[in-house]
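Novice: Protein chains in written order, with my numbering: chain R, 18 to 424; chain Z, 18 to 424.
Hints were generated in silico from the structure; no laboratory data involved. Just to be clear, a hint being listed does not mean it is correct.
No copy is singled out in the list; a pair is fine if it fits within one copy or between any two copies.
Stated by the list, open to error - Below are the DSS-like pairs computed for lysine-lysine, each with C-alpha atoms no more than 25 Å apart in a straight line: (1) Lys108 / Lys45; (2) Lys72 / Lys45; (3) Lys127 / Lys307.
Since the structure is predicted, the reported quantities are computational estimates derived from the model, not experimental observations.
Number of protein chains: 2
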Amino acid sequence: MALIVQKFGGSSVANPERMRRVATRVGKTADRGNQVVVVVSAMGDTTDNLITLAKELNPNPSEREMDMLMATGEQQSIALLALTLQNMGYKAISLTGAQAGVNTDFSYSKAKILSIEPARMEQELAKGNIIIVAGFQGVDEKGEIHTLGRGGSDTSAVALAIGLNADFCEIYTDVDGVYTADPRIVPRARKMKDISFDEMLEMASLGAGVLQPRSVEVGKTFGMPICVRSSFNENEGTMVREAKNMKQIECDIVVSGVAYDDDVVKVTVYNVNNKPGIASKLFTALSDAKVNVDMIIQSGEREGHNDISFTTGMEDTKKLEELLTKITSEIGAEGFDIDDNVAKVSIVGAGMITNPGVAAKMFTVLYDLGVNIQMITTSEIKVSCIIAKPGSKDVVIALHSAFGLDA
Amino acid sequence: MALIVQKFGGSSVANPERMRRVATRVGKTADRGNQVVVVVSAMGDTTDNLITLAKELNPNPSEREMDMLMATGEQQSIALLALTLQNMGYKAISLTGAQAGVNTDFSYSKAKILSIEPARMEQELAKGNIIIVAGFQGVDEKGEIHTLGRGGSDTSAVALAIGLNADFCEIYTDVDGVYTADPRIVPRARKMKDISFDEMLEMASLGAGVLQPRSVEVGKTFGMPICVRSSFNENEGTMVREAKNMKQIECDIVVSGVAYDDDVVKVTVYNVNNKPGIASKLFTALSDAKVNVDMIIQSGEREGHNDISFTTGMEDTKKLEELLTKITSEIGAEGFDIDDNVAKVSIVGAGMITNPGVAAKMFTVLYDLGVNIQMITTSEIKVSCIIAKPGSKDVVIALHSAFGLDA
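Same shape as in the complex, but just chain R (with noise of 0.2 Å):
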């Protein structure tokens, strides 16, 4: 007997027919003596249809009335998941983010959970309660409602896990698992047993997009392990942990998966001035715009100025665009210009910190394809590299074949 959350997607509970089968789920995982606490996301399109009605009311909608507005569709989902529970004879009871004991920070849309409060969920769970726990959202200490912004029923469910010193997370997806490579690029990628916190973090950010960053961080923090599983079948998943738990690190895999992403923009600041505070501004500058930015490469100085290059996932170029001219201007630069046509490849591994030379025989793997490398970054488990879009999935297929991971 453990004690298991659950949690499942709002594609999971889109309909009353997908609702009942996820209700069977957890039932099943009642049915085998473990508590479970269940955590949902709003059905299907409700959260988008809520945007589309707020939108048409107001263009420039503020967070806290849409974190108002978006609290509902869990909300629906929870007590919609306990009745159905209810109908098949289980006793079941939904509880609010602010019932279940999630508290916030004071930040609208994209609040962080800053601590759980068991009590009333340890209550309904010593009364035999399956608890179906809303998931996205948390109240702060003035009972202002937040959303932990899209994606974040992951780090509820995560977080409450802590809180409750469950025994494991369960994460329901499309997919049966975490794969050494996305299987509608390399046919031949295997599902793994297990990944590292670290590992899982670093595929979760290069986009294999299976679980939450957040997630995984809060996750690797308090040591929570996370069961990735398809809500469509009982396959047995990949289990992300301490990699200390895991048998895989004492073998001889050096690299674990190859992580694919062409949701790139690179773009490069030419001329930037080389003094103090030019970085610093550019890329407040770009944060204030809420631009997220990943790699970022700073050349060596010529003549007292050098190129700033950097991608981030923003698709809307034109934006962008309109940003950046505003920015160089402001700091300076010579000019800039946005790549759109790259994608960013990468391996992961545990094992590569004791394992030199990995980064090298990638490189070799690109020379021998012809590819030019545009941008590299590496860390202490993962190397990636910015490539021309065209023909960059056949690096990925060549990749995962020369570190041995094929079936």
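Please build the complex by placing chain Z on the supplied structure of chain R, with the hints as guidance.
Specialist: Just chain Z now, kept in the frame of chain R:
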């Protein structure tokens, strides 16, 4: 400058266009220098759609989860109305029942408001905000969400007005105000400028469904004037208030209005054993089955037996029949009869108390029309008769004229 609470029903905010119309109306009230607190219901069909969805998943949904689900409808309305007002340049903030300090007892789906904690609302008013409060809901001391039952938004609005010590409470409806009779039945019916709480209470419970009876009770207890107005025009409406503030009473108006209700079923239980506790058993069983009983008449004793007649608004005569079959056998009655071909006509007026002969005049009008009176009940300010449904509307017209109410 006044502090005004305004309440708009679900049809007033059913779509973006109507939502904007309500916002314009609210804004105008604020423009005149008033502080405004608005109470809104769920948009149009939202509540019914949620009920349909819930019943598909659970034909016997628990009241606790239904309250969790239903409360989202109002929460959506308040956020959307706040956004609409903000878009028009007003300072506005939405508050859930919990945030507005609406404390209820522990009774899902039909909670009663215990108290209003106005601190948060007072803060927001001091900041110059128009406040939009979710009607129909509150929380108990444990933070559980309760709804007040259908129509409870009127009561929310009046209770908030009392809690805030507002000048008055405006209830916006689809009619201009309170009429001396239903204008669809009596073409010469007139709109009243004023009506006392007691009269309004009788009118409301007698089928003149402009205001929820409980909201009038609450208004009466705390002396909060309620103005019934149309959301479609700027006409003055009818003010419901303490009789002592009204000129009307001083004039010779004995009967203020004629009420009509054909949503009535008359039940007669024959030959009830005249032992103590039989009536108690009968009406306890009906109450347990949530059958709302209105008029009750017990005929004189005859050989240790007598008949009990009562009226109810229950339209499901099949279910009523099953229930009565069970109850009558339990209490040893000879049988029962259900008659749904009846109507209730009533005259209402605070002036009756000091004017004997009003009931007699009413009976004379009915006699002159050849109408047989099946049941009679009286109170200090009303007389009601159950008569056969056919021709009953002509009785209303005749009474309206006989008591000098025609325009």
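Novice: Can you name, in rising order, the numbers of the hints this structure does not satisfy?
Specialist: none
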